[in-house]
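Start counting the sequence shown at 3; every next residue gets the next number (the working numbering).
These are computed hints drawn from the structure, not numbers from a lab. Heads up, some of the hints might be wrong.
[Said to hold, decoys possible] Straight line, CA to CA, 27 Å or less: simulated DSSO-like cross-link-like pairs of lysine-lysine:
1. Lys258 - Lys154
2. Lys286 - Lys213
3. Lys258 - Lys187
4. Lys286 - Lys154
5. Lys213 - Lys187
6. Lys199 - Lys187
7. Lys199 - Lys213
8. Lys286 - Lys54
9. Lys286 - Lys258
10. Lys286 - Lys187
[To be verified] Here are the in silico distance ranges between beta carbons for each label pair:
11. Gly79 - Gly285: 27 to 35 Å
12. Ala200 - Pro232: 19 to 27 Å
13. Tyr283 - Arg184: 15 to 23 Å
14. Lys286 - Ala72: 26 to 34 Å
15. Gly88 - Gly153: 24 to 32 Å
16. Gly153 - Pro272: 50 to 58 Å
All residues carry an ideal CB built from backbone N, CA and C; glycine is no exception.
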Amino acid sequence: MSERSEVDVAIIGAGPTGLFAAYYAGFRGLSTLVVDALPEAGGQVTAMYPEKMIFDVAGFPAVRGRELIANLVAQAGAFSPAYRLGVQAAALTYEDGAPILGLGDGTEVRCGAVLITGGLGSFTPRPLPAAAGFAGDGIIFFVPDPTMLAGKHVVIVGGGDSAFDWALALAGVAASVTLVHRRDKFRAHAATVARVKALPVRIEVNSQVTKILGSGRVESVELNGTEEIPADVVVAALGFTADLGPLAMWGLALDKRHITVDSTMATNLPRIFAAGDIVEYPGKVRLIATGFGEAATAVNNAAIVIDPSAHLFPGHSSEDVV
Numbered sequence: 003m004s005e006r007s008e009v010d011v012a013i014i015g016a017g018p019t020g021l022f023a024a025y026y027a028g029f030r031g032l033s034t035l036v037v038d039a040l041p042e043a044g045g046q047v048t049a050m051y052p053e054k055m056i057f058d059v060a061g062f063p064a065v066r067g068r069e070l071i072a073n074l075v076a077q078a079g080a081f082s083p084a085y086r087l088g089v090q091a092a093a094l095t096y097e098d099g100a101p102i103l104g105l106g107d108g109t110e111v112r113c114g115a116v117l118i119t120g121g122l123g124s125f126t127p128r129p130l131p132a133a134a135g136f137a138g139d140g141i142i143f144f145v146p147d148p149t150m151l152a153g154k155h156v157v158i159v160g161g162g163d164s165a166f167d168w169a170l171a172l173a174g175v176a177a178s179v180t181l182v183h184r185r186d187k188f189r190a191h192a193a194t195v196a197r198v199k200a201l202p203v204r205i206e207v208n209s210q211v212t213k214i215l216g217s218g219r220v221e222s223v224e225l226n227g228t229e230e231i232p233a234d235v236v237v238a239a240l241g242f243t244a245d246l247g248p249l250a251m252w253g254l255a256l257d258k259r260h261i262t263v264d265s266t267m268a269t270n271l272p273r274i275f276a277a278g279d280i281v282e283y284p285g286k287v288r289l290i291a292t293g294f295g296e297a298a299t300a301v302n303n304a305a306i307v308i309d310p311s312a313h314l315f316p317g318h319s320s321e322d323v324v
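Take the sequences, apply the hints, and build the full model.
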């Protein structure tokens with residue numbers, strides 16, 4: 003028999019919307035579990051642009067991606083939500099009207115309600131072809147904390163925003179930074195490219211990492227089948243593919259890859275709500291700020307589904323009584 007736990011609200015997705023939803027659910031006195039297939043909280047922000055400045059979050063003239071996530075985790079932490087990171091939400095069934103969420107590790111969670119805040123869905127990093135036959139350590143797909151690579155020789159493969167953001171963050175921290183891109187044009191923002199070019203970062207264009215070398219862990223890489231350069235870590239910044247994964251099999255009403263919701267953020271399935279970039283409705287605008295409002299709307303409406311005697315609006319967080 004599967005191990006089963008119980009929670010008021012299970013939140014699928016630990017991006018900004020999911021983390022704010024965890025705070026708001028706690029504010030409403032609901033026990034909360036946050037589930038995400040990625041091993042770190044932060045969703046797309048952590049996976050793709052942790053070092054990039056974000057300018058459209060209310061109250062912050064500018065905030066670095068990883069700092070926004072750290073603040074959201076701290077905010078939610080006031081109510082001690084549980085986290086299951088690196089575990090996929092796999093199956094949805096019902097028992098006596100309550101959603102039973104089956105996780106990829108074989109455990110189950112009986113929920114009062116489920117809130118899907120998965121952004122673009124499940125992220126899967128695009129593999130580095132040269133790493134296919136390498137079984138050692140030292141190949142990573144994102145850098146949540148640049149200091150973890152202090153003093154290391156780092157090779158970054160890619161030409162997009164995340165590749166250049168990490169090159170910018172690691173220059174002066176790592177022993178050396180080499181950025182390898184298969185073309186001579188970059189997808190990254192031109193201003194970021196210019197900043198990286200002004201730093202002691204070696205940029206190899208029209209080049210590929212053709213082989214990973216090392217015993218047990220990365221020791222060097224081969225470029226274009228001819229040149230060998232030292233490397234302790236290879237960052238495969240080739241982007242991520244995103245899809246709904248198992249959620250696509252749950253019977254949710256979809257508009258392409260997005261989940262359709264009503265004005266309460268409810269889906270077509272009982273006790274299943276959704277918020278953030280993953281949802282679709284007339285006039286939808288995909289901004290972090292929009293996701294925050296949708297999270298509060300979803301949690302407030304889930305609260306009265308879980309407990310019909312509860313009030314839809316509990317008052318403001320600044321009030322003495324909530």
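Practice problem: Would you pick out the hints that fail for this structure and give their numbers low to high? | Solution: Result: hints 1, 2, 3, 4, 10 and 13 break, sorted rising.
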